[in-house]
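Enquirer: These are the residues of each chain, in order.
Protein chains: 4
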Amino acid sequence: MTVEGKLRAAIVGSTGYGGVELIRLLQSHPKVEITSVISSSSAGDAIEEGFPHLTGIIDRKLDGVDPAQMADRADVVFTATPSGVSAKLVPQLLEAGLKVVDLSGDFRLKDGAEYEHWYKHPAPADEYLEQAVYGLCEVFGERAAGVDFISNPGCYPTATLLGLIPAIQAGWIKHDSIIIDAKSGVTGAGRGTSLMVHYAEINENFKAYKINKHQHIPEIEQTLTEIAGEKVTVTFTTHLVPMNRGIMSTMYAGMTGNHTEQDFVDLYREYYAGRPYVRVRDVGVIPATKEVSGSNYCDIGFATDARTGRVTIVSVIDNVVKGAAGQAIQNLNLMMGWEETLGLGYTPVYP
Amino acid sequence: MTVEGKLRAAIVGSTGYGGVELIRLLQSHPKVEITSVISSSSAGDAIEEGFPHLTGIIDRKLDGVDPAQMADRADVVFTATPSGVSAKLVPQLLEAGLKVVDLSGDFRLKDGAEYEHWYKHPAPADEYLEQAVYGLCEVFGERAAGVDFISNPGCYPTATLLGLIPAIQAGWIKHDSIIIDAKSGVTGAGRGTSLMVHYAEINENFKAYKINKHQHIPEIEQTLTEIAGEKVTVTFTTHLVPMNRGIMSTMYAGMTGNHTEQDFVDLYREYYAGRPYVRVRDVGVIPATKEVSGSNYCDIGFATDARTGRVTIVSVIDNVVKGAAGQAIQNLNLMMGWEETLGLGYTPVYP
Amino acid sequence: MTVEGKLRAAIVGSTGYGGVELIRLLQSHPKVEITSVISSSSAGDAIEEGFPHLTGIIDRKLDGVDPAQMADRADVVFTATPSGVSAKLVPQLLEAGLKVVDLSGDFRLKDGAEYEHWYKHPAPADEYLEQAVYGLCEVFGERAAGVDFISNPGCYPTATLLGLIPAIQAGWIKHDSIIIDAKSGVTGAGRGTSLMVHYAEINENFKAYKINKHQHIPEIEQTLTEIAGEKVTVTFTTHLVPMNRGIMSTMYAGMTGNHTEQDFVDLYREYYAGRPYVRVRDVGVIPATKEVSGSNYCDIGFATDARTGRVTIVSVIDNVVKGAAGQAIQNLNLMMGWEETLGLGYTPVYP
Amino acid sequence: MTVEGKLRAAIVGSTGYGGVELIRLLQSHPKVEITSVISSSSAGDAIEEGFPHLTGIIDRKLDGVDPAQMADRADVVFTATPSGVSAKLVPQLLEAGLKVVDLSGDFRLKDGAEYEHWYKHPAPADEYLEQAVYGLCEVFGERAAGVDFISNPGCYPTATLLGLIPAIQAGWIKHDSIIIDAKSGVTGAGRGTSLMVHYAEINENFKAYKINKHQHIPEIEQTLTEIAGEKVTVTFTTHLVPMNRGIMSTMYAGMTGNHTEQDFVDLYREYYAGRPYVRVRDVGVIPATKEVSGSNYCDIGFATDARTGRVTIVSVIDNVVKGAAGQAIQNLNLMMGWEETLGLGYTPVYP
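Chains as they are written, first to last, in full-length UniProt numbering: chain L, 1 to 351; chain Y, 1 to 351; chain A, 1 to 351; chain R, 1 to 351.
Calculated directly from the structure, the hints in this document are not laboratory data. Watch out, some of these pointers could steer you wrong.
For chains that are exact copies, the list does not tell them apart, and a pair is met inside one copy or across any two.
[To be verified] Straight-line distance between alpha carbons at most 16 Å, and here's what the computed EDC-like set of lysine to aspartate or glutamate pairs gives: (1) K110 / D126; (2) K88 / D66; (3) K31 / E49; (4) K31 / E4; (5) K213 / D305; (6) K210 / D305; (7) K213 / E116; (8) K213 / E261.
On a predicted model such as this, the values are computed, not experimentally measured, just so you know.
Whenever a hint applies, use it, and build me the whole structure from the sequences.
Expert: Printed below as a string of structure tokens:
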């Protein structure tokens with residue numbers, strides 16, 4: 001089943017930013033070999049036509065989307081496809097006996113009706129929604145061991161949930177007080193062309209979008225609700241930052257007690273003990289997005305305010321790595337029972 | 001008292017971003033003539049040495065800081081100085097009979113102890129704190145008429161207060177629920193050199209700073225408290241955006257009733273009726289910072305959320321114009337009884 | 001023929017960057033009134049739908065492209081259209097008795113065959129190519145007086161020609177030695193969407209394009225040839241800079257004698273005497289693009305090198321102003337016999 | 001001499017961009033262990049205070065500059081110091097028996113007088129200038145084998161020389177016709193603070209600097225002269241691009257014959273055969289800086305022009321990697337007789 005003892009991987013959506021980042025990261029994975037790069041729109045082209053930075057690194061033509069061919073060539077498929085596409089494709093891959101890590105969002109919500117409300121597409125069949133393990137590695141990592149199908153978390157939910165869950169589990173913040181002000185670099189919008197991502201419209205500009213309407217809201221609430229043991233509803237705003245990579249989630253919540261910044265640091269360090277990709281910063285240190293750029297880290301900092309009784313939690317990730325391709329590989333490692341860090345040992349690129 | 005029938009203006013701090021923007025804007029003011037550009041650090045230099053874009057536009061050497069000379073050459077002085085400097089300089093200018101619009105922040109807080117707590121400098125004498133009219137034009141414009149001394153609002157407070165005041169005055173938002181997530185371009189940090197503003201540290205980066213510690217917090221609370229009629233305390237976070245100009249204040253508050261976005265639009269349009277520099281956007285339209293760049297506008301949009309009972313208010317300004325030099329000129333116009341728009345008829349520069 | 005004594009202007013292509021900049025600049029023109037904003041693609045929409053920064057400034061629906069209607073509503077038409085469109089439209093406008101300033105490039109080359117070689121479209125009829133006055137204001141300004149039809153120069157040619165012509169006319173540089181290394185901000189690519197202008201592809205990137213193939217080459221050569229009195233052929237490279245506005249043309253040429261930087265400064269200052277929008281910088285001062293941003297200036301600096309016998313000439317403009325809308329208005333002023341600076345008194349926006 | 005069989009490395013200048021990039025890259029080098037990170041200005045601090053992105057990656061306090069201590073702790077020292085500092089420090093390190101890769105520029109010129117002319121510092125003693133091997137790996141790689149002291153090439157010279165040498169050696173371009181128009185991201189200016197690198201002065205700006213005066217000129221000419229066998233003098237302009245990383249060198253030269261683009265591609269591919277870090281692009285493909293970002297590649301493309309008889313050669317590198325830290329590691333690999341690619345297997349980070 002392997003090439004030279006390696007797991008064979010196919011990447012669907014290899015011409016998007018998530019797909020091309022999977023290629024970058026998997027180049028250094030000691031136990032995985034990319035055997036097929038797949039694109040419905042550019043099948044037959046050399047991948048370096050669309051991504052000249054890969055010249056001489058991966059000499060391979062793009063394959064079309066053909067489940068039988070994938071089953072023949074690969075052991076695991078990463079589906080970095082637009083939402084709606086995976087809903088149809090993934091069941092075929094699973095039926096063909098392939099392992100799947102889906103980056104699309106189509107299998108993150110357990111409730112199909114909720115999916116249809118926020119995504120405006122027909123939901124996948126319930127059996128697949130049930131089968132899909134939500135791969136937030138530092139929280140649900142144990143669930144990933146040995147399974148065949150992981151639904152990789154969204155970029156905003158990853159930064160947000162890692163920043164909120166320890167405090168919610170500890171009962172330190174009021175469930176009805178959570179406000180999430182999130183900011184993302186432009187790669188989060190994908191590689192499709194539109195006026196919204198035209199350089200001259202983004203540069204020297206800062207804008208909010210999809211206030212209270214982003215499809216990542218139910219994903220965040222589903223997991224917070226599970227942790228809290230009661231329905232949690234959040235206020236969630238997304239903004240577009242004139243930069244390529246990076247998400248910051250600035251989160252506000254009322255505290256249930258007089259917790260200090262040191263309390264939060266201690267709580268989170270205990271929660272994330274043994275988890276190499278969450279770095280809880282020292283008291284008084286707030287992480288910036290560039291400090292995790294190009295890497296799989298999620299860095300978290302705190303500011304408590306006795307005047308208002310609120311805590312401000314800041315969580316940053318590289319949306320293309322920890323928010324997509326990096327966590328997908330981390331999930332593969334967990335599925336396979338490998339060390340969590342394989343292929344992910346990238347120091348942040350600074351500056 | 002005037003040159004060719006014009007009011008003579010001196011600008012202290014002409015080598016900072018606020019000062020140089022005053023020069024740009026005053027070039028087109030029909031009733032003002034710049035008669036002295038002043039810099040303590042670069043006195044004697046031609047202004048175009050530090051600001052080559054002014055070559056051939058204002059052929060003038062920088063003067064030193066000399067109140068007697070200012071009284072001789074000017075009728076009004078704009079003090080665009082670092083905080084702490086104006087505290088000492090402005091009383092001398094007022095004693096010399098000059099009109100003053102102070103952009104420094106030294107005279108915004110009515111309570112000297114509060115000033116010393118947040119600014120870490122000795123406060124000006126109480127008589128000057130009392131004399132200073134807080135020049136938030138669209139709210140307190142009437143107070144400016146005929147006075148000699150205006151304290152120009154801070155950049156963050158301008159965007160924030162214009163976005164909150166109508167709702168607070170109407171009793172539509174809960175006073176203890178206000179959270180302000182603010183973002184600013186780098187000009188807000190001034191022209192001083194430091195690693196914090198090094199291009200390579202800012203570019204492709206997004207960072208939070210001074211969480212709950214920014215000196216604009218008491219300025220915001222002082223005014224909200226006055227409007228609300230009771231003490232208002234806010235949670236306030238500032239972030240640095242990799243761009244030159246622009247502030248967005250994203251504000252969250254619990255609503256006291258079931259107000260819709262249309263309700264908010266109507267309320268704010270009524271409040272700001274006749275005020276040319278606040279543009280309340282249509283329902284569903286959220287302004288972006290570039291849409292006011294280079295101009296004196298403050299644009300406001302709303303998103304209400306029945307799920308959480310909160311309203312999200314987004315307010316944007318150009319921090320160098322409406323947040324500094326533009327509002328200072330608007331204040332001068334109000335002081336002099338001129339039309340509010342003189343010298344400020346700039347269409348936003350887009351893109 | 002005028003509204004309140006003003007010339008009535010229509011703008012075709014009002015949803016492009018050139019068109020919207022014409023709107024910005026004409027707002028402050030004392031003798032021009034915009035009476036129609038025209039877009040083939042968005043006719044019927046309010047202009048603020050596509051350009052929210054114009055909210056409350058120009059309340060007007062976009063008209064369709066209808067020459068008869070233009071003749072009814074306007075005295076002059078600015079055609080800021082893609083190349084190929086003006087070729088067909090402008091003759092109809094001229095026949096209808098309208099004045100035209102064409103920003104498209106379709107009428108810049110006098111030789112139709114040359115046009116078809118570089119532009120890959122059928123050329124306009126020869127009579128119109130002959131009629132069109134090439135509006136490089138500081139060189140051919142006299143030709144504009146009283147005419148009805150101006151072909152507005154391209155952005156790269158404007159920066160380049162203003163930087164080369166005085167030296168060529170003086171016989172100071174070798175005609176066969178000219179190399180032009182030009183760089184432009186992204187607005188130069190227009191507002192159309194494509195992967196080439198996707199933010200994430202441009203940001204943190206610097207690329208060359210169309211080396212020796214840019215359609216502005218024959219425009220530059222045609223004018224240099226006229227000035228030189230013999231055929232001039234140039235090497236011309238264009239690069240895309242991750243910024244919105246600005247062109248720098250860095251030009252290299254072998255000198256015919258031992259000219260110093262002071263010689264060049266003196267020569268150019270004499271050539272451009274009385275021309276307010278060319279600023280020849282002092283010896284040793286090289287202009288940067290931001291120093292003309294938002295304004296109609298072209299700034300020029302020199303570095304001579306005794307080691308190689310070459311001069312390096314640096315010329316900068318704002319491509320949307322002096323390279324498009326600003327020079328178009330300057331041309332209108334010259335056509336009408338008005339002062340050259342009307343509506344163009346913008347100080348550069350810095351920073 | 002090694003820790004766990006690894007070569008022990010010290011990095012002087014660990015708080016600059018070159019030093020911190022050495023840390024990033026050496027993390028993945030299988031045969032090198034960083035045993036000391038050294039900073040004269042920040043000795044005693046944890047490195048993560050100045051570079052929070054290294055939190056948890058390298059837990060080490062900065063050492064002071066002490067040659068005896070270095071000799072005790074390390075086998076090789078990378079000196080990423082300002083010019084003038086290495087001139088004094090490196091001889092002490094060599095005397096102490098350490099291997100040295102110097103990134104400062106102090107030992108690149110063989111002629112001390114030339115050094116003093118361009119660098120304005122006293123030159124190192126001639127014996128060290130002679131001893132230093134100029135480490136342009138793809139050209140002089142054989143000279144590095146077994147030596148103790150490498151002078152690492154400058155960033156501009158690396159991009160430029162790799163782009164010119166094969167053509168000069170083949171006699172295809174005229175020696176007196178070479179013009180180099182170079183552009184660099186801001187990290188090239190170092191991490192020191194000054195108005196020149198203030199974000200608001202760089203962003204939305206493009207500027208030329210040090211025209212014909214850059215200290216990399218004699219370095220380029222020294223090597224071209226060696227290859228050409230006669231004195232070569234170049235015209236060289238540097239520009240600052242609003243981005244962090246990347247250099248493009250756009251080079252112009254008159255051709256000695258009718259060479260085509262295919263000829264150049266073939267020539268260069270033959271010259272660089274077996275050299276993994278130069279990628280000669282296909283005919284018609286011009287590389288952009290982002291396509292090598294974060295990696296050790298130098299990518300080269302060509303445009304020949306029959307109209308002018310000139311060739312335009314475009315060469316791009318990441319200035320911090322191939323132009324500094326990456327090539328320094330490549331040189332270490334060559335010194336030690338290791339495989340050239342150790343620790344350098346980074347796929348470019350895109351986008």
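Enquirer: Taking the hints in turn, state whether each one holds.
Expert: Evaluated hints:
1. K110 / D126: Result: close within a single copy only, 8 Å intra versus 62 Å inter.
2. K88 / D66: This pair counts as within: shortest intra-copy Cα distance 12 Å, inter-copy 48 Å.
3. K31 / E49: neither (27 Å within a copy, 35 Å between copies)
4. K31 / E4: within (9 Å within a copy, 25 Å between copies)
5. K213 / D305: between (29 Å within a copy, 10 Å between copies)
6. K210 / D305: between (29 Å within a copy, 12 Å between copies)
7. K213 / E116: within (13 Å within a copy, 43 Å between copies)
8. K213 / E261: between (32 Å within a copy, 14 Å between copies)
The structure shown violates just one earlier hint, number 3.
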